[in-house]
Amino acid sequence: MTTDIINDSVADTHSDDHHDHKMTGIKRWLYTTNHKDIGTLYLWFSFIMLLTGGAMAMVIRAELFQPGLQLVDPDFFNQLTTVHGLIMVFGAIMPAFTGFANWMIPMMIGAPDMALPRMNNWSFWILPFAFAILLSSFFMESGAPNFGWTFYAPLSTTYSNGSTAFFVFAVHIMGISSIMGAINIVVTIMNLRAPGMTYMKMPLFVWTFFITAYLLIAVMPVLAGVVTMLLTDTYFGTSFFDAAGGGDPVMFQHIFWFFGHPEVYIMILPAFGIVSTIIPAFARKKLFGYSSMVYATSSIALLSFIVWAHHMFTTGMPLFGELFFMYCTMLIAVPTGVKVFNWVATMWRGSMTFETPMLFSIAFVILFTIGGFSGLMLALTPVDFQYHDTYFVVAHFHYVLVTGSLFSIYAGAYYWLPKWTGHMYSESLAKWHFWCSLISVNLLFFPMHFLGLAGMPRRIPDYALQFADFNKWVSIGGFAFGLSQLIFLAVVIKCIKGGEKAPAKPWDGAEGLEWTVASPAPYHTFSTPPKVD
Amino acid sequence: MNRSNQRWLLGVWLFLGSLISCSAWAETQLNLTKGVTAVSREVYDLHMLALYICTAIGVVVFGAMFWSMAFHRKSKGAKAADFHESTKVEILWTAIPIVILIAMAVPATSTLIDMENNANSDVTIQVTGSQWKWHYKYFDQGIEYYSVLSTPREEYENQNGSFAGNGNSKNENYLLEVDKPLVIPVNKKVRFLITSDDVIHAWWVPAFAVKQDANPGFINEAWTKVDEPGVYRGQCAELCGKDHGFMPIVVEVKSEQDYSIWLDEQKALVAQAADAEQASLSASMSKEELMQLGESTYMAHCAACHQPTGLGLPPTFPALKGSAVAIQGSIAEHIGLVQNGKGMMPPFGKQLSLAEIAAVVTYERNAWGNDTGDLVQSADVKATGGE
Amino acid sequence: MTQGTAADAKLKQTQTSNSKVTKKLVLVVFAMFGFGFALVPLYDVFCEITGLNGKTNTSAVSYSDAGIDTSRTVTVQFITRNAKGIPWQFEPVINEITVHPGERKFVNFHAKNESTQAIVGQAVPSVSPGLAANYFQKIECFCFTQQPLQAGEEVEMGLQFYVDRDLPRDITTLTLSYTLYDITSKADS
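Chains as they are written, first to last, in my numbering: chain F, 30 to 562; chain G, 578 to 964; chain B, 1023 to 1211.
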């Protein structure tokens, strides 16, 4: 491992120049290499994408409110579900976590900025470009991609509409953005830690992002590969996935899910980091089992590479394949369970208060665990034959991604808003956001378990009558949940504009270097690295 | 108990209460079906085992959390304890979950071994998915047919944007009914050989706990042995394009006797259809007959893509109204297109009778203002190489 | 700037280390991109070894006269399917045949181009159960080559095969399926 490098002067020689002319207006945001600015850009971008993908979900739920085709035709419905998935995964969740990484990692390790600030700027700015390409496909004659965010071949190759090229191009750019961001995170954490901050002294938040960055570097290129194969199969006559030319459509699924499974862990490990920061702060008690949390996160990351075919149990796998993937998938429950128990043990015999960050974090632990339970059930191959491609799966992944990842993002946002803006957010308005979201999100996703068990497949714009009642409630929950996110927007805008002045450390149980600097954090922090014992 | 604790409990009860009141909806199915085969019952039992275990773990873990939230709070004067590690406890809560997982893996493994045993079947049926229907071929019986959604278009198309519906009430088996179901005998091991003609589909009947992907160019096997005669419904379970939600599966399980009667009937039908085809060669249908049969054939088989209005959904599904194919193009080419398909359009030569093809081509050449005045007869269809 | 040269030296050290690590990571990125493509032949090799996806040999195998196992029989079923858009008649002359492992057999498939144009067809075989694919040896198969047929032309195509003696004893039935594709646009002239 590289030795820690004392970097007390790294920023000194740089910042002298920059202090004198800080750009303003549009130029500031276009050319910034400052990790705080870039973090802000990522966070705003991800929220806009959340609302965009959310709007598509609202149309989906409006169509599914009653049996019958009321609003949209089936092909457009497929476009909506596809782009909703792509936007939420690549436009909302991943950039939000990247925003947190940018804002917080340098401060948490006592570094003046990310290791590669100019690449950081590129990493962000290619994202709006990528999504403009993707969203513009809605205005093409044939419409946007309509083959699901998982774009199985040959539906996405031989039988696709004309949007495949746009889709591939957009995904390539998103991938490059993620890879550059991940490289930046790894180099920053490896090289820029303040003296005295050994790996096992880093906040768990930094650990989870470190491990996530490695996962990104390993699997995003595989996505780039499979999407390139898709392009050549569709336009250049190759036959990777076409049986007529000696190819195999199931191979697509193997390569895709080899990326896809680590991808979902990429979307949850940072959440674990955020929650592991907030719960100790509001329980006023150190995180239980720090080292086992590190080992558990690492084991989850490693195991994530050998479970991919649990998405493919119905493809015609032989028995030993099914058994191998079933056992490995079940095994991931062990380190995940360890983490949950450690969070509960942190709460246990603490001295808790329940400000909004804590509320979202506790809701995360409970509801993510419910998502984990449905995941464990899905791992059991014989029963998966009944669950696969039904609303049971939709319930599972929305629990882990919405009440999991998204709730952790809200928790982190509330936790660090005082540091970012210098003001305390309105606790009462924030609590409205929490309770409205909590109730509506469960109304939205819990009945989906029942729908799946009752036999409703996923990705259908219309359904048999026995599914009508639950779908109605789900849609109502959906509209309520969508509206509730506007409360968050109000909280943030209000907080930026003003509010009670925030001290350097507004949360008395909080720990970490970020709380040693003023609120709002100065534009340049830790130009001189702090001493860490 | 202070106010905040009361509020907590109220919240918990409300949540639970809402769940319990759900189960009062008698017709709304909450749980997986037990199904009608030994395998489906094993699967159900495994599902319930997993559910019970997860619920128990949830009660313990969430219970501890709620307890902690109630009593370990600063407002109650709780002082934070000091501990933040314990190797003993960590080992315990790593080992116990492993034991629980093994307890689940053992029955899962044995059920899976049962499910993968495709040997010694009594009946073999070739199941082929295509956009957007199923095709069944009884191995060694000379019986094959397509199975297409039979819910009328008017029942599901409500696109006047109104939630009041389109005035056409939906029947009990809305979207789960077909024109010709698969028929299998009860108490016999039936083996399915599943493939696809185009994209990946999946054949799923929840009551049998059978779901296998239909991969183009490859075959997958599945089997079932049903205990109870009856009608069982399923759906396609892999996104396959725009009408993925409109290609259901209906299986009629008959007693052995009824099954052999049905087999004989089908064979007779095949012979009859062959005769009818022969007869239609010399028959000459009037324009009214052609347009009537043509319209019903068009609505059942063509309108999904080319739309009832004939306007299609360009560029993927071309318009027929005002099109070169239906107006200027030759009748022989038009017939050839319907029989053999082209690109994404499937061939209908085997699915439709000579009379139906003749009628639908006539319809397409005269409807929507196309008005070519062309009349096509079965003999013309046969002449272009049809069967 | 009293810390001058010492500070500069440290800055340089960090920057060098940054670029070293970055270069290594970029290499990993390219390696993983290559790995994604390498998965393609890896998948094929894995499937060949295990017969996982039911793919059989794509080039002729010579008959190994290891003798016939008369202690058991295997039922081989034949099914055919036309992929979308190929207007041929295509079916096996017989539906199934009972063989001894190690015994050489010859069966025919009938094909007729029912359209008004010349079409080149390609038959793609698939065996179920997948594990049996490894033991199903094709000595001669029309699926090894493209099949051009003129409009209206019909032909009998042959398949010569044997089932390997090492076929696991618990497999008593195996099904060979051919899917017929229209590859006129991709065919070699």
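Derived from the structure by calculation, the hints contain no laboratory data. Do not rely on the hints blindly, as some may be mistaken.
[As the list claims (entries may be wrong)] Straight-line alpha carbon distances no greater than 16 Å define the calculated EDC-like cross-link-like pairs of lysine to aspartate or glutamate that follow: (1) G:802 to G:829; (2) G:747 to F:537; (3) F:315 to G:662; (4) G:714 to G:699; (5) G:714 to B:1113; (6) G:765 to G:721; (7) F:315 to G:659; (8) G:766 to G:659; (9) G:959 to G:854; (10) G:757 to G:721; (11) G:927 to B:1186; (12) G:864 to G:854; (13) G:651 to F:537; (14) G:656 to F:498; (15) G:714 to B:1186; (16) G:766 to G:833; (17) B:1160 to B:1192.
Verification of the supplied hints:
1. G:802 to G:829: 13 Å, holds
2. G:747 to F:537: Violated, because 60 Å separates the two Cα atoms, which is more than 16 Å.
3. F:315 to G:662: 9 Å, holds
4. G:714 to G:699: Satisfied, since the Cα-Cα distance of roughly 15 Å is no more than 16 Å.
5. G:714 to B:1113: 12 Å, holds
6. G:765 to G:721: Distance of about 20 Å is beyond 16 Å: violated.
7. F:315 to G:659: Holds, because 8 Å separates the two Cα atoms, which is no more than 16 Å.
8. G:766 to G:659: 64 Å, violated
9. G:959 to G:854: 9 Å, holds
10. G:757 to G:721: 11 Å, holds
11. G:927 to B:1186: Violated, because 37 Å separates the two Cα atoms, which is more than 16 Å.
12. G:864 to G:854: Outside the cut-off at roughly 19 Å; violated.
13. G:651 to F:537: 12 Å, holds
14. G:656 to F:498: Given pair residue 656 (chain G), residue 498 (chain F) is violated - Cα atoms ~48 Å apart, limit 16 Å.
15. G:714 to B:1186: Measuring from Cα to Cα gives roughly 29 Å; hence the hint is violated.
16. G:766 to G:833: Distance ~12 Å between residue 766 (chain G) and residue 833 (chain G) Cα, so the pair holds.
17. B:1160 to B:1192: With Cα atoms ~21 Å apart, residue 1160 (chain B) and residue 1192 (chain B) exceed 16 Å; violated.
Going down the numbered hints, you'll see the structure goes against 2, 6, 8, 11, 12, 14, 15 and 17, while the others check out.
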